[in-house]
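Engineer: Sequence:
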Amino acid sequence: AIFWSSHNPTRRTWSQQYKAAIFVHNERQQRQAERSKSAISEEKTGRFFNRKIHTEIIPASTFYLAENYHHKYLLQHSPQIWAEIREIYGKPSDWIDSTAAARLNAYVGGYGSSIQLEEEIKALGLSAAGQKQLWKLVRRFGK
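Numbering (my numbering), first residue to last: 1272 to 1414.
Please keep in mind that the hints were generated in silico from the structure rather than gathered at the bench. Here the structure is a predicted model, which is why all the values come from computation and not from measurement. A portion of the hints provided could be inaccurate.
Below 30 Å or equal to it, Euclidean Cα-Cα: the simulated DSS-like pairs (lysine-lysine) are [claimed, not checked]: (1) LYS1393 to LYS1407; (2) LYS1290 to LYS1315; (3) LYS1403 to LYS1393; (4) LYS1308 to LYS1323.
Please model the entire structure based on the sequences and the hints provided.
Structural biologist: Okay, structure coming up:
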């Protein structure tokens, strides 16, 4: 359910590089993915009812990481917080793999509530100024 609600599966992709896809490793996953895909277009009360689903189901193969500018994209556009993350983690491979950086990227993008942020803000590694900036960004979403 989360997968289908996190993108518009009826939208055609303009590039192979940016297509929405489910990568499967075996026949069981293939069947599950196909059932899931069928279910969203057949759900009469759903927003994708009776529409063509363009999200592809593809056998998994060699995985390549995207270029660094794709990772933590929203976070990279929040200069103060981004500067702190780069200072904390240094190497791109470290911030790419960082759970804290992933959480921050989500908050900057409007995912997560003030209640959630209150519970974990101190564990995210930001300075007082960085925390203040994060609160400002989160509050603009009214959550």
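Engineer: Of the hints stated earlier, which fail here?
Structural biologist: none
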